[in-house]
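*Asks:* Chain by chain, the residues run as shown.
There are 2 protein chains.
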Amino acid sequence: MHKAPVDFVVGVDVGATKTLAGVVTMNGEILGRTKTKTPSEQSYRQVLSVIAACIEKAISDSNLPRSRIAAVGIGLAGLLDHETGVVKAEPNLGWESVPVKQALERELKLRVFLENDVNAGTLAEYQLGAGVGVKNLVGVFVGTGIGGGLIFDGRLYHGFGGVAGELGHIIVKTNGPRCGCGNRGCLEALASRTAIVRDLAKAIAKGRKSSLSKLIRNGDLRHIGSNTLATAFRDGDKLTMKIVKRSARYCGIGVASVLNLLNPEMVVLGGGVVEAFGSDYVEMVIKAARKQTFPATFQGIQIVPARLGDDAVLLGAACLARENIERLKG
Amino acid sequence: MHKAPVDFVVGVDVGATKTLAGVVTMNGEILGRTKTKTPSEQSYRQVLSVIAACIEKAISDSNLPRSRIAAVGIGLAGLLDHETGVVKAEPNLGWESVPVKQALERELKLRVFLENDVNAGTLAEYQLGAGVGVKNLVGVFVGTGIGGGLIFDGRLYHGFGGVAGELGHIIVKTNGPRCGCGNRGCLEALASRTAIVRDLAKAIAKGRKSSLSKLIRNGDLRHIGSNTLATAFRDGDKLTMKIVKRSARYCGIGVASVLNLLNPEMVVLGGGVVEAFGSDYVEMVIKAARKQTFPATFQGIQIVPARLGDDAVLLGAACLARENIERLKG
Chain P
1 MHKAPVDFVV
11 GVDVGATKTL
21 AGVVTMNGEI
31 LGRTKTKTPS
41 EQSYRQVLSV
51 IAACIEKAIS
61 DSNLPRSRIA
71 AVGIGLAGLL
81 DHETGVVKAE
91 PNLGWESVPV
101 KQALERELKL
111 RVFLENDVNA
121 GTLAEYQLGA
131 GVGVKNLVGV
141 FVGTGIGGGL
151 IFDGRLYHGF
161 GGVAGELGHI
171 IVKTNGPRCG
181 CGNRGCLEAL
191 ASRTAIVRDL
201 AKAIAKGRKS
211 SLSKLIRNGD
221 LRHIGSNTLA
231 TAFRDGDKLT
241 MKIVKRSARY
251 CGIGVASVLN
261 LLNPEMVVLG
271 GGVVEAFGSD
281 YVEMVIKAAR
291 KQTFPATFQG
301 IQIVPARLGD
311 DAVLLGAACL
321 ARENIERLKG
Chain G
1 MHKAPVDFVV
11 GVDVGATKTL
21 AGVVTMNGEI
31 LGRTKTKTPS
41 EQSYRQVLSV
51 IAACIEKAIS
61 DSNLPRSRIA
71 AVGIGLAGLL
81 DHETGVVKAE
91 PNLGWESVPV
101 KQALERELKL
111 RVFLENDVNA
121 GTLAEYQLGA
131 GVGVKNLVGV
141 FVGTGIGGGL
151 IFDGRLYHGF
161 GGVAGELGHI
171 IVKTNGPRCG
181 CGNRGCLEAL
191 ASRTAIVRDL
201 AKAIAKGRKS
211 SLSKLIRNGD
221 LRHIGSNTLA
231 TAFRDGDKLT
241 MKIVKRSARY
251 CGIGVASVLN
261 LLNPEMVVLG
271 GGVVEAFGSD
281 YVEMVIKAAR
291 KQTFPATFQG
301 IQIVPARLGD
311 DAVLLGAACL
321 ARENIERLKG
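Heads up: the protein sequence lines correspond to chains P and G, in order.
The opening residue of the first sequence carries number 1 in the numbering used here; numbering runs sequentially from there.
The opening residue of the second sequence carries number 1 in the numbering used here; numbering runs sequentially from there.
The hints are simulated quantities; they were obtained by calculation from the structure and are not laboratory data.
Every value quoted in this text rests on a predicted model; they were computed, and no experiment measured them.
Yeah, the Cβ is synthetic: ideal placement off N, Cα and C, and Gly gets one too.
Careful: at least some of the hints might be erroneous.
[To be verified] Partial pick of chain G residues on the chain P-facing surface, computed with a CB cut under 8 Å:
#	residue
1	Y44
2	L48
3	P91
4	G94
5	N136
6	F152
7	G154
8	A164
9	E166
10	T174
11	T228
12	I253
13	P264
14	P295
15	T297
All chains, full assembly: derive it from the sequences and hints.
*Replies:* Next up, the structure:
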């Protein structure tokens with residue numbers, strides 16, 4: 001059977017605060033880019049109809065006939081079954097056992113595929129971003145939490161229960177600080193933005209000086225985002241620099257564990273923290289990782305920043321939709 | 001082209017002290033099992049001719065006509081290129097850049113394939129041992145050091161430079177004890193027999209009571225093997241029990257990191273330490289791993305003892321030789 005290439009698919013990034021959608025061409029170009037608020041406080045049916053409307057708007061804004069759209073790919077956080085398209089648990093939206101694929105296929109009359117957002121972002125970097133041409137790649141995304149995606153032999157690796165890639169929860173410091181997951185010493189508890197802000201708040205509470213002190217209200221630094229931290233870092237705030245450096249060091253130690261275990265060809269570093277601190281952060285991660293890795297394992301591998309920024313999840317979801325459609329056709 | 005099954009291959013386990021060889025049937029039965037001392041202090045040419053003689057003896061003892069032997073598979077420690085069959089570095093034998101495949105093929109007039117011993121052992125457990133029927137499996141071998149092998153989607157995973165699986169060198173305790181590799185806090189530095197013996201020697205030197213005290217000469221416990229430790233453990237020596245428990249806990253933390261990252265279907269625990277302490281040790285590892293793993297990741301997975309014991313490397317090397325020959329035959 002002749003395989004005609006799938007020329008247009010819709011990619012969607014469903015986040016807790018905003019949903020992005022766009023029609024993606026074979027070259028990874030985004031047409032009819034659309035952004036809308038995710039009404040996370042509402043019922044899942046309402047959230048799904050907002051997502052559907054966002055998709056319809058992207059298709060309509062792309063000026064393509066609807067018949068040219070082959071499928072929709074959706075990336076979203078949380079635990080999901082990418083085969084059935086059921087979201088098992090998404091804490092930010094308060095979802096449990098939501099049949100996203102089924103519901104959206106009925107509403108849109110289009111094939112819908114679902115993927116974890118970090119997996120989607122990793123696949124996008126592999127197919128369209130920093131990792132083009134590489135065979136084995138690990139994506140490391142450092143933000144509020146830390147997520148990972150694994151590409152082995154050119155394919156996204158899901159593991160036995162579909163939940164592989166929880167890089168934020170490898171243990172790098174036994175008996176270390178408490179993690180959001182309840183355990184101690186997870187990478188996420190040492191290197192995420194949450195960890196950086198926690199350490200800053202603690203140090204400031206102890207009387208350490210910082211340009212960020214004035215932004216605290218009753219010890220609460222939660223409203224301090226990556227950009228505020230990045231400004232303090234670039235302006236040379238000593239406390240911020242020290243704590244960010246520590247985060248990068250732990251991130252490098254986590255990367256070293258991944259390198260020693262998986263010996264990938266490339267590690268792509270992305271997420272809000274990496275974007276905010278830029279090449280300074282990436283360099284610190286590389287330095288720490290090199291120190292803890294066998295020379296033979298480190299040889300020839302690349303540790304590079306992600307290239308696709310905020311578009312990664314949308315693009316990766318589109319790549320997956322395209323792959324699935326091509327597989328079904330072929 | 002018709003694929004006739006490869007009925008007999010030779011498997012070889014080249015260790016620093018002894019070399020085992022045997023002709024392996026399609027069912028994993030070993031014929032003509034042969035064991036010889038590895039003359040590790042001699043030149044690589046002499047070691048290779050001892051290995052060749054060991055192989056010849058196994059073939060001759062199997063009473064099979066030499067024409068029925070399709071290939072030879074060799075498992076050995078150290079860094080090697082399984083494609084070219086060159087051993088890049090084997091510290092125990094003092095080898096560097098030794099063309100094992102080429103040299104043995106010339107001597108034996110048989111196809112020879114090379115694999116890292118831990119990878120071979122993992123493959124054997126997957127094809128003939130604890131992991132039959134499983135798709136994704138991680139082998140964890142705890143002995144003097146700690147090694148790992150990775151089976152993804154039914155195939156041994158080698159990584160970019162062929163050195164994947166260095167599970168002993170994931171970092172579980174940043175700033176922890178110094179590892180043989182030079183870094184700090186590696187799993188091997190916390191859970192291997194080397195770590196157990198180090199901690200015992202240290203505690204005894206500090207005056208802690210133990211039934212093992214009388215075996216020490218000038219603080220040197222190096223001659224204490226896994227069986228001596230196992231006897232003290234089973235006899236209820238409190239210090240040994242405490243330190244072995246700690247080793248198992250760290251091993252479980254390492255396994256938890258692997259589970260969170262890779263979500264395999266099965267973890268097979270093998271090696272001298274696991275064999276010596278048996279199901280007690282395995283249970284302690286499972287308990288610690290469960291505590292540090294997401295319930296969704298732990299669900300349905302199995303953590304089980306290896307089944308093939310000392311035959312694992314020989315059998316795995318034979319499996320690989322068989323696979324390679326079948327692939328070459330097309």
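*Asks:* Each hint needs a verdict: does it hold in this structure or not?
*Replies:* Structure-based check of all given hints:
1. Contact between Y44 of chain G and chain P, as hinted, is not supported at the beta carbon level, the nearest pair being about 20 Å apart and thus beyond 8 Å.
2. At about 23 Å, the closest approach between the beta carbon of L48 of chain G and any beta carbon in chain P exceeds 8 Å, and the interface hint on this residue is violated.
3. The closest approach between the C-beta of P91 of chain G and any C-beta of chain P is roughly 12 Å, which is over the 8 Å cut-off, so the hint fails.
4. A cut of 8 Å between beta carbons decides the hint on G94 of chain G: the least distance to chain P is about 17 Å, and the hint is violated.
5. The restraint placing N136 of chain G at the interface with chain P holds, with a minimum CB-CB distance near 6 Å, inside the 8 Å limit.
6. The beta carbon of F152 of chain G comes within 6 Å of a beta carbon in chain P, closer than 8 Å, and the hint placing it at the interface holds.
7. Here the hint on G154 of chain G is broken, as its CB sits about 12 Å from the closest CB of chain P, past 8 Å.
8. A cut of 8 Å between beta carbons decides the hint on A164 of chain G: the least distance to chain P is about 4 Å, and the hint holds.
9. Given hint, E166 of chain G at the interface with chain P, holds; its Cβ is 4 Å from that chain's nearest Cβ, closer than 8 Å.
10. Interface hint at T174 of chain G: satisfied, since its Cβ lies 5 Å from the closest Cβ of chain P, which is below the 8 Å cut-off.
11. The beta carbon of T228 of chain G is not positioned within 8 Å of any beta carbon in chain P (closest approach about 27 Å), and the interface hint is therefore violated.
12. At about 5 Å, the closest approach between the beta carbon of I253 of chain G and any beta carbon in chain P falls short of 8 Å, and the interface hint on this residue holds.
13. Taken as an interface hint, P264 of chain G checks out: its beta carbon lies about 6 Å from the nearest beta carbon of chain P, inside 8 Å.
14. The beta carbon of P295 of chain G comes no nearer than 10 Å to any beta carbon in chain P, farther than 8 Å, and the hint placing it at the interface is violated.
15. A hinted interface residue such as T297 of chain G counts as satisfied when its beta carbon comes closer than 8 Å to some beta carbon of chain P; here the least separation is about 5 Å, so the hint holds.
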